[in-house]
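There are 2 protein chains.
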Amino acid sequence: MFDAGSIIAPTLLIDETICRSNIERMQAKADRFGVQLIPHFKTHQSAEVGQWFRDSGTNAITVSSLSMASFFAENGWDDITVAFPANIRESDTINALAGKIRLRIFILSAETTAHLASVLTNPVEYYIEIDTGYQRTGVPHDDHALIASVISSASRSGNLKFAGFYTHDGNTYDVTGREAIMRIHNGTRTKLAALRNRYASEYPGVRISLGDTPGCSVADDLSGLDEIRPGNYVYYDVTQTVIGSCQYNQIGVALAAPVVARHENRLELVIYGGGVHLSKDSVSINGKTIYGLPVDVRNGRWSEPLDGCHIRKLSQEHGILKVTREVFDRYAVGDIIGILPVHSCMTMDLMRFNGKIMIVT
Amino acid sequence: MFDAGSIIAPTLLIDETICRSNIERMQAKADRFGVQLIPHFKTHQSAEVGQWFRDSGTNAITVSSLSMASFFAENGWDDITVAFPANIRESDTINALAGKIRLRIFILSAETTAHLASVLTNPVEYYIEIDTGYQRTGVPHDDHALIASVISSASRSGNLKFAGFYTHDGNTYDVTGREAIMRIHNGTRTKLAALRNRYASEYPGVRISLGDTPGCSVADDLSGLDEIRPGNYVYYDVTQTVIGSCQYNQIGVALAAPVVARHENRLELVIYGGGVHLSKDSVSINGKTIYGLPVDVRNGRWSEPLDGCHIRKLSQEHGILKVTREVFDRYAVGDIIGILPVHSCMTMDLMRFNGKIMIVT
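As given, the protein sequences belong to chains A and B, one line each in that order. With my numbering as the guide, the letters of the first sequence map in order to residues 4 to 364. With my numbering as the guide, the letters of the second sequence map in order to residues 4 to 364.
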């Protein structure tokens, strides 16, 4: 039972019903096209939320660090992909983990494969991360010389098995609307499919894998892909709503924060809830830089965003909310107001340590 | 002894020599003018770094949350100010802490004093937070009706003692250069002094207190103030350097991060070190948005910022560094590069949980 009185400081509310529905919707879509969904767990980093995925049929997961991989391995997950360029300084950790679970990693260079080949004593599967245009990390999709040199260098080790190609299509975060997302998403799928065709005869079973929530959320058809690895969709957030990946009523987390001050002359509420709770991520809506959207909280659930209200600034512990007259008058010092986060992965990462987490069933 | 080999993942290096020098410089300035320095400990949140302050004569500290206050109370600090609008939902915590240490809090409204007056059984000193123009929180400096109503409401409790007026002069963060900082700083001092004059006859011993690192760093003369409460100066950071509060060689922390990928066509290095390590705070330098400045790390110490290099983007775990040809050629996958953080308070808050901290003596 939800107890509003127990909230005395910033508390992240997780709506189990919304999250399970988000999990099931993506799983159903993947199943429909025979695509393996290997959800990214960096968004929640929670053993309990992980169980909700297991209940929907998840048996392989993605994480972004070896420490997350170790955490989930201890929680019974035995097929984990670390979706981050393999860090050769952590070779011993990679090798130890690979002795316990099915471990998959990302490799981008022949130097990395050469180093790993020399130290691994346990089998590891690797994907070559491919850059189809995002320009964060990855081998350019048409750099066949580099791809060949990575594979050739890895082949010197009996413990490095080539699994396929992966792309994080981060460009989908820079556009809005289904059409723009799909243009990027389809371009990436075409490039990945071309790579699979090129290498399939020599490496039968080579897989293509793709990871962003916007593309996986709006695509009606996933056929041709072997795997998808979105993560943010379990919670979604304001950014995803602005992009067009979800509706506000699909956002599964809200920060419950006490009002600590009111400034009537500028219609602002100050909350105990700042950059160490929400993160400093911002998004632009109608030309305004926004750090979160206020909602009413009732019985642990929350409303749609309050019209005309937003967080205009965050300090370390303060959030400054621009609100309407009507909202200003409704909130007294000591009341709890909710905030939909701009970037739920970052908020979750912070709230694990700087606040409380409350799952609302 | 510093062991570079022990760094396998993002590690925050703290240079004890630089930090102690920063601590001593500010203490010497405060002592010169008979001003009490009550340093803000939110920047480091560390018992060990706290000891360096104690070694320089600190006996009263400032924090930004009751959980930080409890942490430092457990570490032997017995005079703690919580520099955040008192949150009436935490009244029980305030009261319990006030039973153990000398506790000072901030109050901005008569509702808050009325509530606290009704529940406190232990003595608490309070400052009225004053807004001299920053417009984050605080009673407008000329709103004497509100100031009077806060004091009058508090006076109903024998446990609430009026201590004085406090201002966080956050506007100094929006300017650059000594002259611009001093214009804001002096304006605030004048307004606080006027308040002290007005209330001193009725409340003898009423103090004026001021809290920002830029103002306290560049001011040559602190006379007339009773207290200063800067915190960031123990570490400083890129933002403070851009503002003009410090030189690069006074920055006391750097993130040591492994290089995990190199992209020669765009002269970029990718590090294991992202938003969950540095925070997403950015600063503008020469029109570029910058998330950190690369430095060479040798024996646990670091160079000045590498000319022409900066972090252009942060993901959750990735940092993307634009570098020069010369720097690109010097760094191989697996090497450690240093990053001066944009905002050291936020970086420190994250690194307590998402990485390792290494004090270099």
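Check the hints yourself; a few may be wrong.
Where chains are identical, the list cannot tell them apart; a pair therefore holds if satisfied intra-copy or between any two copies.
The calculated lysine-lysine pairs, modelled on DSS-like cross-linking and capped at a C-alpha distance of 30 Å, are [said to hold, decoys possible]:
{"#": "1", "residue 1": "K32", "residue 2": "K325"}
{"#": "2", "residue 1": "K32", "residue 2": "K359"}
{"#": "3", "residue 1": "K291", "residue 2": "K164"}
{"#": "4", "residue 1": "K32", "residue 2": "K291"}
{"#": "5", "residue 1": "K194", "residue 2": "K32"}
{"#": "6", "residue 1": "K32", "residue 2": "K164"}
{"#": "7", "residue 1": "K291", "residue 2": "K103"}
{"#": "8", "residue 1": "K194", "residue 2": "K103"}
{"#": "9", "residue 1": "K32", "residue 2": "K316"}
{"#": "10", "residue 1": "K194", "residue 2": "K164"}
{"#": "11", "residue 1": "K316", "residue 2": "K291"}
{"#": "12", "residue 1": "K194", "residue 2": "K359"}
{"#": "13", "residue 1": "K194", "residue 2": "K325"}
{"#": "14", "residue 1": "K291", "residue 2": "K194"}
{"#": "15", "residue 1": "K325", "residue 2": "K164"}
{"#": "16", "residue 1": "K291", "residue 2": "K325"}
{"#": "17", "residue 1": "K325", "residue 2": "K103"}
{"#": "18", "residue 1": "K103", "residue 2": "K359"}
{"#": "19", "residue 1": "K103", "residue 2": "K316"}
{"#": "20", "residue 1": "K103", "residue 2": "K164"}
Calculated directly from the structure, the hints in this document are not laboratory data. As the structure is a computational prediction, the values presented were derived from the model and not from experiment.
So, going through the hints one by one against the coordinates:
1. In this homomeric assembly, K32 and K325 never come within 30 Å of each other (Cα to Cα): the closest approach is 39 Å inside a single copy and 39 Å across copies.
2. Taking identical chains as interchangeable, the C-alpha atoms of K32 and K359 are never at most 30 Å apart, the minima being 33 Å within one chain and 40 Å between chains.
3. Taking the shortest alpha-carbon separations for K291 and K164, neither the intra-copy value of 48 Å nor the inter-copy value of 42 Å comes in at or below 30 Å.
4. In this assembly of identical chains, the alpha carbons of K32 and K291 never lie at most 30 Å apart, being 35 Å within a copy and 41 Å across copies at closest.
5. With identical chains, the CA atoms of K194 and K32 are at most 30 Å apart within one copy only, with a shortest distance of 22 Å there and 63 Å across copies.
6. When the C-alpha separation of K32 and K164 is checked against a cutoff of 30 Å, the pair qualifies only within one copy, where the shortest distance is 29 Å, while the shortest distance between copies is 63 Å.
7. Taking identical chains as interchangeable, the C-alpha atoms of K291 and K103 are never at most 30 Å apart, the minima being 49 Å within one chain and 45 Å between chains.
8. Taking the shortest Cα distances, K194 and K103 never come within 30 Å of each other, neither inside one copy (34 Å) nor across copies (65 Å).
9. Proximity of K32 to K316 under the C-alpha cut-off of 30 Å is found in neither arrangement, the shortest distances being 38 Å within a copy and 32 Å between copies.
10. With identical chains, the CA atoms of K194 and K164 are at most 30 Å apart within one copy only, with a shortest distance of 22 Å there and 70 Å across copies.
11. Taking CA atoms no more than 30 Å apart as the test, K316 paired with K291 passes in both settings, with 11 Å inside one copy and 21 Å between copies.
12. Taking CA atoms no more than 30 Å apart as the test, K194 paired with K359 passes in neither setting, with 43 Å inside one copy and 39 Å between copies.
13. Taking the shortest alpha-carbon separations for K194 and K325, only the inter-copy value of 26 Å comes in at or below 30 Å, while the best intra-copy value is 45 Å.
14. Proximity of K291 and K194 under a CA criterion of 30 Å is satisfied in neither setting, with 36 Å inside one chain copy and 32 Å between copies.
15. Taking the shortest Cα distances, K325 and K164 never come within 30 Å of each other, neither inside one copy (54 Å) nor across copies (32 Å).
16. For the homomeric pair K291 and K325, the shortest alpha-carbon distances inside one copy (11 Å) and between copies (28 Å) are both at most 30 Å.
17. When the C-alpha separation of K325 and K103 is checked against a cutoff of 30 Å, the pair qualifies neither within a copy, at 51 Å, nor between copies, at 38 Å.
18. Within a single copy, K103 and K359 get their C-alpha atoms only as close as 32 Å, which misses the 30 Å cut-off; across copies the closest is 25 Å, which meets it.
19. In this assembly of identical chains, K103 and K316 lie within 30 Å of each other by CA distance neither inside one copy nor across copies; the values are 46 Å within and 35 Å between.
20. For the homomeric pair K103 and K164, the shortest alpha-carbon distance inside one copy (17 Å) is at most 30 Å, but the shortest distance between copies (61 Å) is not.
When the structure is compared with the earlier hints, violations turn up for hints 1, 2, 3, 4, 7, 8, 9, 12, 14, 15, 17, 19 and for no others.
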